[in-house]
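As they're listed, the protein sequences go chains A and B. Each residue of the first sequence is one higher than the one before, counting from 1 in the numbering used here. Each residue of the second sequence is one higher than the one before, counting from 1 in the numbering used here.
Check the hints yourself; a few may be wrong.
[Claimed, not checked] Some but not every residue of chain A turned toward chain B, in silico, with C-beta under 10 Å:
1. Phe66
2. Tyr88
3. Gly90
4. His106
5. Cys120
[Said to hold, decoys possible] Keeping only pairs whose Cα atoms sit at most 25 Å apart, straight-line, the calculated SDA-like set for lysine to any residue is:
6. A:Lys48 / B:Leu481
7. B:Lys231 / B:Arg430
8. B:Lys497 / A:Pro75
9. B:Lys55 / B:Lys497
10. B:Lys55 / A:Phe151
11. B:Lys55 / B:Lys231
12. B:Lys497 / A:Gly68
13. B:Lys55 / A:Lys48
14. B:Lys231 / A:Tyr27
15. B:Lys231 / A:Asn153
16. B:Lys285 / B:Glu246
17. B:Lys103 / A:Ala80
18. A:Lys150 / B:Lys231
19. B:Lys55 / A:Val154
These aren't lab readings, by the way, just hints derived from the structure by calculation. For glycine and all other residues, C-beta sits at the position ideal for the given N, C-alpha and C.
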Amino acid sequence: MAGPPARSRAELVLSLGVLALGIGATYIAFSLPETSSYARVGPNFMPKVVAAGLMVMGLWLVAEVFTGGWREAVPDDPAARGEHAFSYVGFAWVSAGLFAQMALIHTAGFVVAAMALFACVARGFGSTRFARDLALGLVLGLGVFLFFVKFLNVNLPAGWLLPLLGGAGL
Amino acid sequence: MTETLQALMSGFGVALLPVNLMWGFIGVTLGTAIGVLPGVGPALTVAMLLPLTAKLEPTGALIMFAGIYYGAMYGGSTTTILLNTPGESASIATALEGNKMAKNGRAGPALATSAIGSFVAGTIATLLLTLLAPIVVDVALKFGPTEYFALMVFAFVTVASVLGASMVRGLAMLFLGLLFGLVGIDDQTGQMRFAFGVPELMDGIDVVVLAVGLFAVGEGLYVAAYQSRVKEELERMSGSLMMSREDWKRSWPAWLRATAIGFPFGTIPAGGAEIPTFLSYALEKKLSKHPEEFGHGAIEGVAGPEAANNASSAGVLVPLLTLGIPTSATAAILLAAFQNYGLQPGPLLFQTQATLVWGLIASMYVGNILLLILNLPLIGLWVKVLMIPRPLLYGGILVFATLGAYSLHQSVVDLATLYVFGLLGFIMRRWGFPVAPAVIGLILGPLAESQFRRALAISQGDPMVFLTHPISAVLLALTLLLVLVPWIIRVVRERRKGV
Numbered sequence: 001m002a003g004p005p006a007r008s009r010a011e012l013v014l015s016l017g018v019l020a021l022g023i024g025a026t027y028i029a030f031s032l033p034e035t036s037s038y039a040r041v042g043p044n045f046m047p048k049v050v051a052a053g054l055m056v057m058g059l060w061l062v063a064e065v066f067t068g069g070w071r072e073a074v075p076d077d078p079a080a081r082g083e084h085a086f087s088y089v090g091f092a093w094v095s096a097g098l099f100a101q102m103a104l105i106h107t108a109g110f111v112v113a114a115m116a117l118f119a120c121v122a123r124g125f126g127s128t129r130f131a132r133d134l135a136l137g138l139v140l141g142l143g144v145f146l147f148f149v150k151f152l153n154v155n156l157p158a159g160w161l162l163p164l165l166g167g168a169g170l
Numbered sequence: 001m002t003e004t005l006q007a008l009m010s011g012f013g014v015a016l017l018p019v020n021l022m023w024g025f026i027g028v029t030l031g032t033a034i035g036v037l038p039g040v041g042p043a044l045t046v047a048m049l050l051p052l053t054a055k056l057e058p059t060g061a062l063i064m065f066a067g068i069y070y071g072a073m074y075g076g077s078t079t080t081i082l083l084n085t086p087g088e089s090a091s092i093a094t095a096l097e098g099n100k101m102a103k104n105g106r107a108g109p110a111l112a113t114s115a116i117g118s119f120v121a122g123t124i125a126t127l128l129l130t131l132l133a134p135i136v137v138d139v140a141l142k143f144g145p146t147e148y149f150a151l152m153v154f155a156f157v158t159v160a161s162v163l164g165a166s167m168v169r170g171l172a173m174l175f176l177g178l179l180f181g182l183v184g185i186d187d188q189t190g191q192m193r194f195a196f197g198v199p200e201l202m203d204g205i206d207v208v209v210l211a212v213g214l215f216a217v218g219e220g221l222y223v224a225a226y227q228s229r230v231k232e233e234l235e236r237m238s239g240s241l242m243m244s245r246e247d248w249k250r251s252w253p254a255w256l257r258a259t260a261i262g263f264p265f266g267t268i269p270a271g272g273a274e275i276p277t278f279l280s281y282a283l284e285k286k287l288s289k290h291p292e293e294f295g296h297g298a299i300e301g302v303a304g305p306e307a308a309n310n311a312s313s314a315g316v317l318v319p320l321l322t323l324g325i326p327t328s329a330t331a332a333i334l335l336a337a338f339q340n341y342g343l344q345p346g347p348l349l350f351q352t353q354a355t356l357v358w359g360l361i362a363s364m365y366v367g368n369i370l371l372l373i374l375n376l377p378l379i380g381l382w383v384k385v386l387m388i389p390r391p392l393l394y395g396g397i398l399v400f401a402t403l404g405a406y407s408l409h410q411s412v413v414d415l416a417t418l419y420v421f422g423l424l425g426f427i428m429r430r431w432g433f434p435v436a437p438a439v440i441g442l443i444l445g446p447l448a449e450s451q452f453r454r455a456l457a458i459s460q461g462d463p464m465v466f467l468t469h470p471i472s473a474v475l476l477a478l479t480l481l482l483v484l485v486p487w488i489i490r491v492v493r494e495r496r497k498g499v
């Protein structure tokens with residue numbers, strides 16, 4: 001007998017994920033104290049209900065996997081969805097942009113972080129003009145920074161550009 | 001009746017103040033823009049702007065948020081007609097005929113019938129909202145915590161089971177949203193729940209981070225992975241915007257019928273605008289004197305769905321404002337905006353914050369006029385917006401989206417959480433889990449829990465109270481039917497197939 005097709009494997013993993021989340025939530029819910037007031041329902045009641053709900057849905061999804069797969073599932077073939085095959089490059093560049101922003105925002109500042117994010121995302125969407133995208137990201141980041149700091153009085157980190165933008169917040 | 005008229009007049013006094021006109025204008029312009037742009041919807045936009053509630057006064061901010069909400073319905077049609085990629089889900093039905101009309105060189109009349117139809121439907125639906133809201137408020141004033149809890153359960157289950165393809169996956173996402181809603185300090189006892197000692201989790205999961213993560217980051221990852229290498233064809237804006245006599249004759253009955261379908265669907269928790277647009281499309285196809293044109297660019301097929309989605313967006317505000325029950329993801333985020341100001345939508349809001357509520361309703365009449373102007377004479381401008389290359393558009397979306405989440409606490413932890421929710425959003429989109437139940441669960445869940453406890457406190461712990469109160473019993477029975485009937489039908493059908 002051949003192994004299950006890739007499709008039902010993904011469905012099985014996700015179904016078990018929902019079930020596991022329900023089991024974990026149940027464990028935590030039962031560890032919460034029953035500090036019930038006269039209402040007779042403590043802070044642990046709703047967690048138990050929600051945890052039970054997740055477990056039931058998880059079990060239900062698992063059952064669907066073993067009885068012919070999820071009902072009304074999204075087609076696995078990208079062409080059937082009018083899309084192309086999974087692009088690792090696209091996914092990775094968008095992720096890289098978001099991680100770059102996390103790494104840069106408190107050191108290099110908001111503007112540089114926005115520039116990096118913008119250029120990486122554009123790259124992930126197939127743009128080949130990295131230098132132009134960096135420049136556009138810089139302009140967008142600067143514009144947003146000045147608008148937020150000067151006009152809305154929201155504090156954003158200036159970072160490396162502090163000597164240039166230092167007075168902007170004042 | 002005269003009371004309503006008086007309240008509405010004072011509302012216009014608020015809505016026509018220059019500063020509120022400005023917020024309304026910003027709202028509907030932004031709404032049109034994001035409706036036009038693929039990849040950004042009203043739920044995401046309002047969520048991104050939620051941190052601004054700390055800076056703006058409530059009336060102006062809420063007028064702007066509402067403008068974004070119903071403005072997006074106008075803008076969506078432009079993208080759908082010229083690009084055949086629905087700008088938002090409520091425009092899918094429009095795509096069927098609208099893009100065909102554009103291909104036949106009739107883009108102008110298609111855009112005109114959707115803009116004028118949106119205006120007609122939006123205005124009639126706002127009028128219905130004006131008339132209906134005080135009536136619902138009168139009824140709702142008699143509701144206690146028991147009735148509210150039952151109503152919320154009903155809303156949860158309808159949203160989870162009607163939206164999306166599969167009821168099980170809808171309910172799974174509802175419980176996930178409810179779980180997110182439990183994270184943090186319990187209001188009533190101060191007990192910490194599901195926070196794992198992480199300080200950032202003690203205040204609970206912020207709706208901005210969840211919504212922006214699911215809608216913007218998840219969408220960005222998904223589109224980059226599966227759609228970024230697809231070439232899109234933009235139809236030329238050709239033909240004059242003028243509708244012929246024949247176009248008018250075929251459009252207006254469709255607008256009115258669609259309003260009659262869209263508004264009631266908006267008021268019940270059926271997930272907003274998708275279902276009424278398809279119903280309207282089917283109805284127009286059935287009633288049309290030119291059924292042969294359907295599939296090749298029938299103007300009724302554009303007029304109906306576009307009017308229906310605008311009527312439903314005003315309908316959604318009925319339960320939101322009068323009962324505090326959101327019936328779509330955007331409505332849930334609007335509810336969060338009220339909460340940021342310490343306001344709880346519901347019948348009491350009409351008494352304690354009458355000028356705010358009626359100002360908001362009056363602003364919708366004004367907003368619809370602004371939208372008609374923005375979407376007819378200025379249509380050329382929006383077509384230019386559509387030409388922004390995808391890589392730059394998504395770069396910009398993610399810069400603004402992350403800014404919204406970051407500006408909450410100036411914290412990198414929020415950005416990391418955002419990415420985690422983005423991955424979750426990717427998985428949900430890829431494997432067909434609906435997003436709305438999760439967002440509604442997060443926001444409405446804590447309210448439902450406190451109503452539940454209050455109801456039990458009043459009944460001194462007797463759970464039968466939910467069944468002895470007639471309104472609550474009926475709502476809970478309806479909820480049960482809603483879950484069981486489709487399931488039974490399916491099981492019976494599968495059995496028959498098996499035999």
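Evaluation of the provided hints:
1. Proximity of Phe66 (chain A) to chain B is violated relative to the hint, the smallest CB-CB distance being about 14 Å (cut-off 10 Å).
2. Satisfaction of the interface hint for Tyr88 (chain A) is found here, the shortest Cβ-Cβ separation to chain B being roughly 8 Å, below the 10 Å cut-off.
3. Because the closest C-beta pair between Gly90 (chain A) and chain B is about 4 Å apart, less than 10 Å, the hint holds.
4. The closest approach between the C-beta of His106 (chain A) and any C-beta of chain B is roughly 6 Å, which is under the 10 Å cut-off, so the hint is satisfied.
5. With 10 Å as the threshold, the beta carbon of Cys120 (chain A) comes within range of chain B, its nearest partner Cβ sitting at about 8 Å, so the hint holds.
6. Note on Lys48 (chain A) and Leu481 (chain B): the hinted pairing holds, with a Cα-Cα distance of about 24 Å set against a maximum of 25 Å.
7. Distance hint between Lys231 (chain B) and Arg430 (chain B) is fulfilled; the C-alpha atoms sit about 21 Å from each other, no more than 25 Å.
8. Taking the CA atoms of Lys497 (chain B) and Pro75 (chain A), the gap is near 22 Å; set against the 25 Å cutoff, the hint holds.
9. With a C-alpha separation of about 60 Å, the suggested pairing of Lys55 (chain B) with Lys497 (chain B) is violated against the 25 Å cut-off.
10. Distance check on the hinted pair: Lys55 (chain B) and Phe151 (chain A) sit about 11 Å apart at the alpha-carbon level, within 25 Å; holds.
11. Our distance criterion of 25 Å between C-alpha atoms is broken by Lys55 (chain B) and Lys231 (chain B), whose separation comes to about 41 Å.
12. The suggested pairing of Lys497 (chain B) with Gly68 (chain A) holds, with an alpha-carbon distance near 14 Å, which does not exceed 25 Å.
13. Among the hinted pairs, Lys55 (chain B) with Lys48 (chain A) is inconsistent with the structure: their alpha-carbon atoms are about 38 Å apart, more than 25 Å.
14. For the hint pairing Lys231 (chain B) with Tyr27 (chain A), the CA-to-CA distance comes to about 49 Å; that exceeds 25 Å, so the pair is violated.
15. Of the pairs offered as hints, the one joining Lys231 (chain B) and Asn153 (chain A) is violated, with about 41 Å between alpha carbons and a cut-off of 25 Å exceeded.
16. For a cut-off of 25 Å, the pair hint linking Lys285 (chain B) to Glu246 (chain B) stands: about 17 Å separates their Cα positions.
17. With a CA separation close to 24 Å, the supplied pair Lys103 (chain B) and Ala80 (chain A) stays within the 25 Å bound.
18. Between the alpha carbons of Lys150 (chain A) and Lys231 (chain B) the distance comes to roughly 40 Å, so the proposed pair goes past 25 Å and is violated.
19. Note on Lys55 (chain B) and Val154 (chain A): the hinted pairing holds, with a Cα-Cα distance of about 9 Å set against a maximum of 25 Å.
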